[in-house]
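Visitor: Sequence:
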Amino acid sequence: MKNWQKVKLGTLLTESKILSENPNPNNRIRVKLNLLGIEKRPLTRDKKGATKYYTRKAGQFIYGKQNLHKGAFGIIQEELDGFESTSDIPAFDVNDSCYPEWIYYFFRKGNFYLKLESLAKGVGSKRIQPKQIFDLDIYLPTKEEQNKILKTIKNAEFNNQKLLKELQLQEENLSKLRESILLDAINGKLTKDWRDKNEFVEPASKLLNEIIKDKFNSKQSYSNLKNNFKIDLPQTWELCYLSHLISSSYAGKSPQCESRPANLNEWGVIKTTAIQDLFFLENENKALTDTSKVNLEREVKNGDVLLTRAGPTNRVGITTYIMKTRPKLLLSDKTIRLDYFKEYVNGEFLALTLSRGISKDFIDSKKSGMALSQVNISQANLLLTPILICPYKEQLEIVKKVNEFNQYFDEIKQQILKKIEYSFKLIDNTLVSLLGNEMNILSVENIRKKENRNLKREIKFNSKTTNMDLINLLKLNGKLHAEDLWKMSEYYDDKNIGDSIDKFYSDLKGKIEIDKTIKEVSNEKGYIELV
Numbered sequence: 025m026k027n028w029q030k031v032k033l034g035t036l037l038t039e040s041k042i043l044s045e046n047p048n049p050n051n052r053i054r055v056k057l058n059l060l061g062i063e064k065r066p067l068t069r070d071k072k073g074a075t076k077y078y079t080r081k082a083g084q085f086i087y088g089k090q091n092l093h094k095g096a097f098g099i100i101q102e103e104l105d106g107f108e109s110t111s112d113i114p115a116f117d118v119n120d121s122c123y124p125e126w127i128y129y130f131f132r133k134g135n136f137y138l139k140l141e142s143l144a145k146g147v148g149s150k151r152i153q154p155k156q157i158f159d160l161d162i163y164l165p166t167k168e169e170q171n172k173i174l175k176t177i178k179n180a181e182f183n184n185q186k187l188l189k190e191l192q193l194q195e196e197n198l199s200k201l202r203e204s205i206l207l208d209a210i211n212g213k214l215t216k217d218w219r220d221k222n223e224f225v226e227p228a229s230k231l232l233n234e235i236i237k238d239k240f241n242s243k244q245s246y247s248n249l250k251n252n253f254k255i256d257l258p259q260t261w262e263l264c265y266l267s268h269l270i271s272s273s274y275a276g277k278s279p280q281c282e283s284r285p286a287n288l289n290e291w292g293v294i295k296t297t298a299i300q301d302l303f304f305l306e307n308e309n310k311a312l313t314d315t316s317k318v319n320l321e322r323e324v325k326n327g328d329v330l331l332t333r334a335g336p337t338n339r340v341g342i343t344t345y346i347m348k349t350r351p352k353l354l355l356s357d358k359t360i361r362l363d364y365f366k367e368y369v370n371g372e373f374l375a376l377t378l379s380r381g382i383s384k385d386f387i388d389s390k391k392s393g394m395a396l397s398q399v400n401i402s403q404a405n406l407l408l409t410p411i412l413i414c415p416y417k418e419q420l421e422i423v424k425k426v427n428e429f430n431q432y433f434d435e436i437k438q439q440i441l442k443k444i445e446y447s448f449k450l451i452d453n454t455l456v457s458l459l460g461n462e463m464n465i466l467s468v469e470n471i472r473k474k475e476n477r478n479l480k481r482e483i484k485f486n487s488k489t490t491n492m493d494l495i496n497l498l499k500l501n502g503k504l505h506a507e508d509l510w511k512m513s514e515y516y517d518d519k520n521i522g523d524s525i526d527k528f529y530s531d532l533k534g535k536i537e538i539d540k541t542i543k544e545v546s547n548e549k550g551y552i553e554l555v
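Residue 25 is where the sequence shown starts when you use this note's numbering, and the numbers rise one by one after that.
Hints in this document: simulated from the structure, not taken from any laboratory. Nothing here was measured: the structure is a model prediction, and the numbers come from that model. Be a bit skeptical, because a hint or two may be false.
Derived pair list, reagent style BS3-like, types lysine-lysine, alpha-carbon separation capped at 25 Å [stated by the list, open to error]:
| no. | residue 1 | residue 2 |
| --- | --- | --- |
| 1 | 216 | 384 |
| 2 | 213 | 230 |
| 3 | 424 | 443 |
| 4 | 348 | 358 |
| 5 | 155 | 139 |
| 6 | 295 | 189 |
| 7 | 540 | 503 |
| 8 | 437 | 189 |
| 9 | 317 | 295 |
| 10 | 178 | 189 |
| 11 | 30 | 172 |
| 12 | 417 | 216 |
| 13 | 189 | 81 |
| 14 | 424 | 213 |
| 15 | 172 | 155 |
| 16 | 384 | 424 |
| 17 | 425 | 172 |
| 18 | 167 | 150 |
| 19 | 254 | 230 |
| 20 | 352 | 317 |
Could you put the whole structure together from the sequences, leaning on the hints where they help?
Guide: Below, the structure is given as structure tokens:
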């Protein structure tokens, strides 16, 4: 590595600008985020306009101007040869002295691409332009060395992918095991041994009768439900409607809010995303600054059972129990609180049974709407949701066991996630050790400094030196920016700018390339000095 040449990235990349003569909407590519590569873009209808498309070739390096720092870069594969993209997704031919993959891993190693966000410029959507990355330093060993190193990298990546697949499989199996245990919990299988030891516990039918005698006409029955749903239950369990177990269901309101989360001393209205499957995200809320809109009856409190009633189909019918939450949070119009009979029903158990099995299947079947992106379930249908209910003491035992299992699962999952994180760090460290570290974080800062310096550069102009030749001007003033040199030279003519600039640059080029009396100042773009 000590003997490797360090060059500017711009010496290895040439932007390809082959204009597509017959643009084809079915022949477009896009660069995915998070290092997920390049793929054919789904067919979309082009907007009318003068958008230019450029033909891309296999083996070219390509990146997204808006998302380079988010991992949107890669090498165009053979099957996408001849596809098109706009100038917002530029592609580059790679110099023969370098493998395209060498460029790819240059950006990837040590997650260097993440550090490039500071380069993004623009009003509205910021972009990283090719000229900004061209000034980055990159090590360039011989192609033979590159080839050996790339083979080592690919072998390391292959082994790392095997490890990741194994860890991901473990994570999937863990989730399946958790789901199986939750289903066993709401069907009575998890507490079979407990029932055998507590055979004299009063059955759930007595619990229901206690509720019904005060709430309903005595003729109302739940006994036929088991036949309707064809389900086998433990002897002490019953099947009832949700309406049997709650005194009311209460929807919130959605007044005008700010888009930010509420501070602890402010009121907030929860978003549907606050309600997750059996857990609650209190920060998923919008600040309500108009306190006249606060209704204390809609405040979310510890012990509440909440359910989403409207939104995208995969977000409707999600249930949770509030173990603990901050004060000053209100229900929104897309969320419902179930006021259950706490002396007969445990809130955690109710949320659990609503989130699985026949209850969840029923809720899913009652979702309605014009599109999958916006469905709802009426409170009338919600009340008809079938619920598996067991004796109160058994509910407590189920909740206890589930919480113990969940704690165990969380610990195992954290171990898996740490191993996955370690595997990514391992491959990053491997890339840095094999490819070297050009310390381009300093180069990025220098690029920004140079750009700012060019924008705010000191303008030198001395009217006494106008019409002088270039050599004498530089002798008198030292290094000069090309624009200042031109304006003080014998070629400057404000009435014929085009011809004036052409003559100036013709003389300047001759003195740099032929006479070699003048040179560009290294590391100061646009500046000229005497050799």
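Visitor: Now, for every hint given, state plainly whether the structure supports it.
Guide: Quick rundown of the hints versus the structure:
| no. | hint | in the structure |
| --- | --- | --- |
| 1 | 216 with 384 | holds, 23 Å |
| 2 | 213 with 230 | holds, 21 Å |
| 3 | 424 with 443 | violated, 29 Å |
| 4 | 348 with 358 | holds, 21 Å |
| 5 | 155 with 139 | holds, 17 Å |
| 6 | 295 with 189 | violated, 35 Å |
| 7 | 540 with 503 | holds, 15 Å |
| 8 | 437 with 189 | holds, 15 Å |
| 9 | 317 with 295 | holds, 16 Å |
| 10 | 178 with 189 | holds, 16 Å |
| 11 | 30 with 172 | holds, 19 Å |
| 12 | 417 with 216 | holds, 13 Å |
| 13 | 189 with 81 | violated, 32 Å |
| 14 | 424 with 213 | holds, 14 Å |
| 15 | 172 with 155 | violated, 30 Å |
| 16 | 384 with 424 | holds, 22 Å |
| 17 | 425 with 172 | violated, 55 Å |
| 18 | 167 with 150 | violated, 35 Å |
| 19 | 254 with 230 | holds, 22 Å |
| 20 | 352 with 317 | holds, 12 Å |
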